[in-house]
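Whenever a hint applies, use it, and build me the whole structure from the sequences.
Number of protein chains: 2
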Amino acid sequence: MTNTTDDSDLVLLLRRHRVQVTAQRLAIMRAVSSRPHATADELADDVRAVIGSISRQAVYDTLGLLVDKHLVRRIQPPGSAARFEDRVDDNHHHLICRTCGSTVDIDCAVGAVPCLTAHDDHGFEIDEAEVVYWGRCPACRAATPEPASQRPASERPASERHMSERLAHAKEQQ
Amino acid sequence: MTNTTDDSDLVLLLRRHRVQVTAQRLAIMRAVSSRPHATADELADDVRAVIGSISRQAVYDTLGLLVDKHLVRRIQPPGSAARFEDRVDDNHHHLICRTCGSTVDIDCAVGAVPCLTAHDDHGFEIDEAEVVYWGRCPACRAATPEPASQRPASERPASERHMSERLAHAKEQQ
DNA sequence: CCCGTAATCTGGACATTGTCCAGTATTGGA
DNA sequence: TCCAATACTGGACAATGTCCAGATTACGGG
Ligand SMILES: [Mn+2]
Ligand SMILES: [Mn+2]
Ligand SMILES: [Zn+2]
Ligand SMILES: [Zn+2]
Chain A
14 MTNTTDDSDL VLLLRRHRVQ VTAQRLAIMR AVSSRPHATA DELADDVRAV IGSISRQAVY
74 DTLGLLVDKH LVRRIQPPGS AARFEDRVDD NHHHLICRTC GSTVDIDCAV GAVPCLTAHD
134 DHGFEIDEAE VVYWGRCPAC RAATPEPASQ RPASERPASE RHMSERLAHA KEQQ
Chain B
14 MTNTTDDSDL VLLLRRHRVQ VTAQRLAIMR AVSSRPHATA DELADDVRAV IGSISRQAVY
74 DTLGLLVDKH LVRRIQPPGS AARFEDRVDD NHHHLICRTC GSTVDIDCAV GAVPCLTAHD
134 DHGFEIDEAE VVYWGRCPAC RAATPEPASQ RPASERPASE RHMSERLAHA KEQQ
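Sequence order for the protein chains is A and B.
Using the working numbering, read the first sequence as starting at 14 and increasing by one per residue.
Using the working numbering, read the second sequence as starting at 14 and increasing by one per residue.
Since the hints were derived computationally from the structure, they do not count as laboratory data.
It cannot be assumed that every hint is accurate.
Because identical chains share one entry, a pair is satisfied inside a single copy or across any pair of copies.
What the hints assert, rightly or not - Derived lysine to any residue pairs resembling SDA-like cross-links, with alpha carbons at most 20 Å apart:
1) Lys82 <-> Val32
2) Lys82 <-> Ala53
3) Lys82 <-> Trp147
4) Lys82 <-> Cys113
5) Lys82 <-> Arg111
6) Lys82 <-> Leu25
7) Lys82 <-> Asp133
8) Lys82 <-> Arg174
9) Lys82 <-> Cys153
10) Lys82 <-> Ser46
11) Lys82 <-> Glu178
12) Lys82 <-> Pro49
13) Lys82 <-> Val34
14) Lys82 <-> Gln33
The structure displayed is predicted, hence computed values, not measured ones.
This is the structure we're talking about:
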């Protein structure tokens, strides 16, 4: 997608944001664009394949800078290192396969700024809602038809939600 | 809350789930109940204050086991170590202060099984939606009235979402 | 075009959060 | 009470970041 992007375009973009232009930064931007949802480590590898070498710190510094400038979005899926992507400011979410870890973009079910209206905001000033959908991708579903499914995800009476309440219940039944 | 719970109740609960009863497990269950959203490390400290000592491995093993048994829920807030809580199977979400990290429970804006219906499921079999709301808690808001707010969170034309597209735009304007 | 300074990059040490493993201790049933 | 399965311990190791001091590079001004 950005494979066809000229370096001069990236230079322009950086200058517009008052960011010094370096070979490392250009390479990292290209890497982020060409491999969405990659980790810092993966991006470092990609960059090394192009410009020979880069320090770990330069990778982290640059990604952090680009995130600050809203040129890159950092997502931190539970149980994984941070991942980075090109697609910013559109509030999209992510769908991750429990089995193989593959990650795809997903638009929000609710609207442009999804879920930003929580029932009770507890006095917080909410500015972002991050949503991660968990499931099994088509490939993994095909591989194992029915994984002896746990996780009924069904509701339980509110009175049994906490450990303490559930054990009281257990005692009665005993 | 569970401070008043008798050990024998916890024993009962574990037995019902075919889990061996040990002093470490009981202490960890108590710790999780009494300090919601604590990290493994914090729980280990709490447990040590009660039973003297426990290995890090026992803490992780037990928490993992309790999570498997649906007696404890593990949440992994972006940028933080995993946290654990008592309140399971009710699909509630979390609201985290960007400034001080305080975490509160929040019920879903949408319904009992929130957001589980994504626009396009990409063929995935979705079983859970995890939502993290980000913001500033009342205390932090009071401390700093307006933090030179960035993050407009406003929509941008779809044509400007990706780096590549935005730089093209930049070029025109040049 | 050259210079000086600020910004950036480098490489190595260090921190945090977890997992692996082999040996020892405890649990719970026979 | 005894045994086998299970759990716990302590130390090594791994992954993901951050800190820091010194070397290098970028870029605006002369
Ligand atoms: Mn994405
Ligand atoms: Mn909670
Ligand atoms: Zn998969
Ligand atoms: Zn706060």
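Now the hints, each set against the structure:
no. : hint             : verdict
1   : Lys82 <-> Val32  : within (9 Å within a copy, 50 Å between copies)
2   : Lys82 <-> Ala53  : within (17 Å within a copy, 34 Å between copies)
3   : Lys82 <-> Trp147 : between (29 Å within a copy, 19 Å between copies)
4   : Lys82 <-> Cys113 : neither (32 Å within a copy, 22 Å between copies)
5   : Lys82 <-> Arg111 : between (32 Å within a copy, 18 Å between copies)
6   : Lys82 <-> Leu25  : within (14 Å within a copy, 54 Å between copies)
7   : Lys82 <-> Asp133 : neither (31 Å within a copy, 30 Å between copies)
8   : Lys82 <-> Arg174 : between (42 Å within a copy, 14 Å between copies)
9   : Lys82 <-> Cys153 : neither (37 Å within a copy, 24 Å between copies)
10  : Lys82 <-> Ser46  : within (16 Å within a copy, 41 Å between copies)
11  : Lys82 <-> Glu178 : between (47 Å within a copy, 16 Å between copies)
12  : Lys82 <-> Pro49  : within (18 Å within a copy, 35 Å between copies)
13  : Lys82 <-> Val34  : within (14 Å within a copy, 52 Å between copies)
14  : Lys82 <-> Gln33  : within (12 Å within a copy, 52 Å between copies)
Checked against the numbered hints listed earlier, the structure breaks hints 4, 7, 9; every other hint is satisfied.
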